[in-house]
Structures are given as C-alpha cells and as structure tokens.
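Construct the entire structure; sequences and hints are all you get.
Protein chains in written order, with the numbering used here: chain H, 541 to 907; chain F, 3 to 179.
Be a bit skeptical, because a hint or two may be false.
Examples of chain H residues toward chain F, derived with CB under 10 Å [unchecked claim]:
1) N626
2) Y628
3) A629
4) V631
5) G635
6) K637
7) K641
8) Y642
9) I692
10) T695
11) S698
12) G769
The following residues of chain F were derived to be distant from chain H, with all beta-carbon distances above 12 Å [what the hints assert, rightly or not]:
13) M43
14) V63
15) V159
Note that these hints are calculated values from the structure, not bench results. All C-beta atoms, glycine included, are put in the ideal place defined by N, C-alpha and C.
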Amino acid sequence: MQMGFHYYATYCAAYLSGYSHEECLRIAYSAALVDFCTEDFLEGLSAPTRAATTQFQLEMADMKTDRKGTVKITEIWSSFHFLPGNLYAEVGRGGKKYQDKYRLICDVNSDLLVKTVELARGESLEAVGIAMHILADTWAHRYFAGTPSLVINNTNYSFYERVPEGDGYIDRQVVFRHNPSGKDDLEKSVYINTIFYTSESSIMNLGHGRAGHLPDYGFAVYRYLPAWGDYEEILKNNPEDFYHAFCQMVYALKNLKEPGQTFEKNVYDTESVGPYEERVREIITTRSLTAEEGWKVLGEELSGETIPDFSQSAWSDKYVMTGEKESTELARFIRAAIRQKDMVSEEITKSGNRILMKSRWGRGKNA
Amino acid sequence: MNIRKTIIQSTLSVLILLGALTLALFPDDAIEIIATALSLMLFIIGIRYLIYYFTMGRFMVGGRMILYLGMIILDLSIFSVTLLSKSDRFILLYLIGVNAFYGAVQLLHAFQGRGYGGREWRFKMINGVINLLISVCCIIFIRSGNIVVYIFAAGLVHTALVNILSMLRKEGSAAIQ
Chain H
541 MQMGFHYYAT YCAAYLSGYS HEECLRIAYS AALVDFCTED FLEGLSAPTR AATTQFQLEM
601 ADMKTDRKGT VKITEIWSSF HFLPGNLYAE VGRGGKKYQD KYRLICDVNS DLLVKTVELA
661 RGESLEAVGI AMHILADTWA HRYFAGTPSL VINNTNYSFY ERVPEGDGYI DRQVVFRHNP
721 SGKDDLEKSV YINTIFYTSE SSIMNLGHGR AGHLPDYGFA VYRYLPAWGD YEEILKNNPE
781 DFYHAFCQMV YALKNLKEPG QTFEKNVYDT ESVGPYEERV REIITTRSLT AEEGWKVLGE
841 ELSGETIPDF SQSAWSDKYV MTGEKESTEL ARFIRAAIRQ KDMVSEEITK SGNRILMKSR
901 WGRGKNA
Chain F
3 MNIRKTIIQS TLSVLILLGA LTLALFPDDA IEIIATALSL MLFIIGIRYL IYYFTMGRFM
63 VGGRMILYLG MIILDLSIFS VTLLSKSDRF ILLYLIGVNA FYGAVQLLHA FQGRGYGGRE
123 WRFKMINGVI NLLISVCCII FIRSGNIVVY IFAAGLVHTA LVNILSMLRK EGSAAIQ
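What follows is the structure in structure tokens.
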C-alpha cells in the first residue's frame, strides 16, 4: 500500500475512532514505520534485528533464498505485509510443498487477522499501529503470498487495467517493465515489475513483485490470471477494497479502544465513515504515486491540527539518545513487532506448514 | 542467488576452466570428453525442469512452458550423445553452434533489457558479441588444425569468467510497499 494510506489514512481512521491527535500520530507513525524498519535500520541503532518488519531492495539483493533465507523472508513478509488468508485451506492438488505455498496466499478477514488485532489489545499504541498496517495490507496484497514462489506469485501478459474513458471504461493491457530505478507511468499503464525468472524460489517471485506496484495503488482496477488460479481470472477492485480497508480500520481501532470487546471479521464501520464517504472515495481513486496530499488535508481538517511529515528518524533519535530505551516509542514498536512475528510464525508452523522449518525434512529446531 | 546455486555455478565455472585447459593440452582427445560433459549437463538440467513441472509447475498458469523447456533441453542432450560417434570436426561444429546460440540468446536479452531501460544490458551485449565472434573465428579456422581448438578453449575461459562475474553481481528487484 502507498505511504499516504499507511500514515495519513491511518491517522484519519484513528481520529474518527476517537483517539486524540497525539495518539493518532503514534498509531499512524507506527503503521508507516512498518515499511521502513529493516534489519540495517535496527542494526544501526543496536536494536534487535528480529524486529525487522521489511526489507529494502539492497537487502533483498543480498539475501540468499536457501532454506534459512526463505525462512527469514517469509517471516517478515507473511507477518507484516501478506498475512495468510487460510493456513488450513483445502488445496486439492499438488504435493505438500505446493500446498504449503498455496496456504500462504494473503487474503482479507482471516483468522490470523483476528489474532493480529487481538494481539494488540491492551498493548501500546505502537502495537495498534502495526496491526493497522497489516490489516490494510491484506486488502491491497490479497491473492499474493509473502514467500518467494513462481507457482503462486507469477503473472503473465494477460493483465489489464480498467481505466476511465469517456463516460465508461476500457480495459487497457498493462505494460510491465523491469527497471528497478524506473518509475511507473500511470497515464500509459506502464508499470515496473520484477523480471520473469524460472527459479521457483527466486527473490523476483516474492509477493506482488511480478505485478509491480499495481496492487498498492488505491485507484487501480485490474484483471489478471493469478498463477495459482487454474486459469480463472481475478478482477481486483482496489477503490472498493481500499474503502473497505479504511472502514475496517475504523472499526478495529474503535474496538480496541473499548474494554471487553472482541474483534470480529467482516465488520466495517461505514456509519462513522459515512459523512466522509464521498471524500474518502475521491482520495482513494486519485491517480497518484503516493496518495499523500488528499489524506493529509482530510486528517488536518478532522483534527484541526498539523500532521508532521513522516520521518524515519523521528523515533530513532530519541531511542539512541535516551538511557531508558525501554520507555521509548521505538522500543514499544520493537516489542510489538517481535510478538507479531512470533505469533504468525508459530501459527504457520502449527498448521503443519513446513516453509518455516529449518530442516528440509520438517525436523530440527523451528525458526 | 541462493547457496545451492552459488555452489552449482562455482563448480560449473571450475569445470569449464578445466575443460578449456584439457582442450588446450590435448586438442585431439578432449573434444569428445567436453561433448560428453555437455550432454550430461543438459540432461541434468532437462530432468530438473521436468521434475519441477510435474511436482509444482503443472499447477501454475502457463506452467507448460517449463515442461517444453525441460523437453527441449533433454532432447538436446540426447542429440549431443548421438554426435559422439561422428567425427571430431562434426562435434566441434556442434559445440560451435551451441556457443553461437548462447551468444545470440545473450544479445536478445541485451536488446530486451535496453528496451526496458535497464542497466545490465551492456554486460549481456558484450558477452553475446564475444560468444558470436568466437563462433565465427572457429568456423573461419575450422580447417586450420589445432588453432580452432585453441580458439574454442579461449571461448570456454570467457564463459567461465562471465559465470563467475554473474555470481558476484546483485539481482535487482522492485520494492514492495
């Protein structure tokens, strides 16, 4: 998902849920930091690298996709960006290895999402922010898996973006280019993706890399043939999905605030968002690379306060300078990230999935 | 690149260098050994593709391409074996053909990469041109006794060096938000 959604939209959702400006900032900052907290970042702060919530291009380029590397990649991407939709899915085809990968496909309203939100209950606002990032990403990243896999994450030429033309829409074939330093051309539906690589576990086949950033854009409506879908086309309607993500965030944030509540699947707080629905939908469907401006303006209008721009070092400076690190926001973020990663890893392993086993034969110490 | 691939690539590079050395030292006998090794290598690659297809690839949209790739490579390995009973010059022509084909594929990749605006196309372009030049030189000197064998050995050294350089290069990837 775009930075604008994770930071400013989370702020808006938190404010609509009744949190104060300062609380909203902490939740939003935590949600946004998930996309920046790499092992390198943590190493620089002498913080535990187990808390890494993402990997940047260079880290991934250095990453080996052998068993140990795959465990690390899968733990990060499945726990924070591609929460598995159904770890016990009836696959009905393929061997154990194929089924293990299939069961990591991300989807919305899963049991793991309930566990993720419940894990943040009674915890710090930083933990709540992490949960909101994960919740939002399930809507953007559904149908892709947070593990390198050609047979799950590959896409082909049958990929069309639905773009407005005149009074209606046309389906325009998406042109994918492999140029890591390039930029997406939204006007011509030219998007950067990872190169086709026939190796099953190549890092090129991680998550939605083969579909480029298209799943991250709120305005994108596209249809394609997922590699796992047995030639059944999927029409992904991001404007609708992102609106659901926003309403579900408001529900989850309100739910976490109230004592004695339990988070339920398929519940969306359309009532609280209702007065702003048109505005929210307009922001989501704006064709922009970052989608920051619209959300920022809405957030500032809601609270009447200025929302500072996101800065990766906002919490880390305090963490480095202070003697009592445990009481800092970053320390709370780190604790929450480790808990989330441990929980998801444990659930994956408990389901009988061998992807996180360090031994090829499913024996040995689990990661 | 994972550790297993790094080990395979390193071993392959060393074997290619050894092949080049053997070819240069024993130009009369080494061609058959190299052709056998090439056949064996293609056989293993083909079988691996087929295993991947039957265990996973057949469930993937467009996975049949992996089946075709495996079959073509396997077929090529069997074809290579049949050439072993022919004359050395015939085998050499076949090896030159394989080298030229590899060079042409590299050139195609380079043109595609340049079209995409990538930065790695120059490496592939140079590699492809060198492979094609070696093949052309081999054909020019095919009747000049051992000279053609030495040229081909130089080509093998080049291939091994390119393999090693490829291992040291980083894979680029698009970031996921």
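Hints, one by one, checked against the model:
1. N626: violated (17 Å)
2. Y628: violated (19 Å)
3. A629: violated (14 Å)
4. V631: Hint on V631 of chain H: holds, closest Cβ of chain F at ~9 Å, below 10 Å.
5. G635: holds (6 Å)
6. K637: holds (7 Å)
7. K641: holds (8 Å)
8. Y642: Hint on Y642 of chain H: holds, closest Cβ of chain F at ~8 Å, below 10 Å.
9. I692: Interface hint status for I692 of chain H: holds (8 Å vs cutoff 10 Å).
10. T695: Nearest chain F Cβ about 9 Å off; hint holds.
11. S698: Holds: closest Cβ of chain F sits about 8 Å from S698 of chain H, inside 10 Å.
12. G769: holds (7 Å)
13. M43: holds (17 Å)
14. V63: Incorrect as stated: the minimum Cβ-Cβ distance to chain H is 5 Å, not above 12 Å.
15. V159: holds (27 Å)
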